[in-house]
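Asker: The chain contents come next:
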Amino acid sequence: MRDPEFKIKNFKEIFSTNQKAKELALRGTAPWTVIAAEKQIAGYGKEKVSWFSPQGGLYFSIILPKSKIEDLQTLTILAAFIVAKTINDNFSLETLIKLPNDVLLNQKKVAGVLTENIIGKDVRLSVLGIGLNTNIEKFPKELENRATSLKIELGRELNNKKILKKIFKELKEQLKTISE
Amino acid sequence: MKLKLKIKGKEREVEILEEGEDKVKIKVGEKEFIFGKEKEKKGISLIQTSIPRRDFSKKEIKAPIAGVISEIFVKEGDFVKREQKILSLSTMKMENEIVSDFDGKVKKFLVKKNQEVKEGETLIVLE
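Top line first, the protein sequences correspond to chains F and C.
Residue numbers for the first sequence follow the working numbering, so the first one is 1 and each next one is one higher.
Residue numbers for the second sequence follow the working numbering, so the first one is 1 and each next one is one higher.
Simulated from the structure, these hints should not be mistaken for lab results.
Since the structure is predicted, the reported quantities are computational estimates derived from the model, not experimental observations.
You can take every hint at face value.
DSSO-like cross-link-like pairs, simulated, lysine-lysine; straight-line CA separation at most 27 Å:
#1 Lys-66/F / Lys-59/C
#2 Lys-66/F / Lys-85/F
#3 Lys-121/F / Lys-81/C
#4 Lys-121/F / Lys-108/C
#5 Lys-172/F / Lys-66/F
#6 Lys-66/F / Lys-176/F
#7 Lys-58/C / Lys-118/C
#8 Lys-118/C / Lys-121/F
#9 Lys-62/C / Lys-68/F
#10 Lys-118/C / Lys-98/F
#11 Lys-66/F / Lys-9/F
#12 Lys-62/C / Lys-66/F
#13 Lys-113/C / Lys-68/F
#14 Lys-66/F / Lys-118/C
#15 Lys-81/C / Lys-48/F
#16 Lys-107/C / Lys-121/F
#17 Lys-121/F / Lys-85/C
#18 Lys-75/C / Lys-48/F
Rough simulated footprint, nothing fancy, chain C against chain F, three-plus residues with beta-carbon under 8 Å:
#19 72-83
#20 108-117
For glycine and all other residues, C-beta sits at the position ideal for the given N, C-alpha and C.
One chain only, chain F, in its complex shape:
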């Protein structure tokens, strides 16, 4: 069923969904808007370490409503749990969370979460970015031993949009519980 509250901006190719989300949030795009891309040219994770983002993976950022900074810290960890739980529940795989923000499968990274804030006197804006290796068939040599994808683990193609919606719904629910 179509969810009227689910607003998404899809991009074929983007530098980084978090960057775009920040730009859009600064220009007034509403909270809970999702920015998704099929491919990131300059995707990054914690401490600006690059995140391999070829076609096939699921890359998206969510513009968050204004929250207290301590809530956002909790949400980042929670987001990693939600991604892990979504994988476990839907694909019968056993994930492991590498705190604070990575999800591992067979000791290899399958997903990462990065929350970015702009803060002045208070939190001006926050975006939460998720990179999930869904339909990536092969990783470059330097990543082969450190990264995996759901397709590699399951041997089948997955529906990125469905996974995104599941994670989004759960995150929205959880933010309600910690903010209200």
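Place chain C on chain F using the hints.
Answerer: This is chain C only, laid out in the frame that chain F set:
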């Protein structure tokens, strides 16, 4: 209530009278001024906006959260504007861009790249 006030160097008799609900009549010499509640409010806001606001509090930017300074975008002597990006602060779980709360010149930078800072620690001082 009658008062004697010096207005522009001239002593004048001022009389304050009630004029119905929420209205006050002020007589200055022969002239009469009636102020209603609304007019009073407008008068006050006019005064506030016409006086240039001066911030006498210290222009300091503090760390909103504990973390490590990952990037610095301005240097001492630079003029920064309100909302301008000053530095990036990495925490275990988040990347935070710290923007200035004030317009001003960077007087002192109290932190360096890769330095750990505590919540509330002063990062830079503006003047």
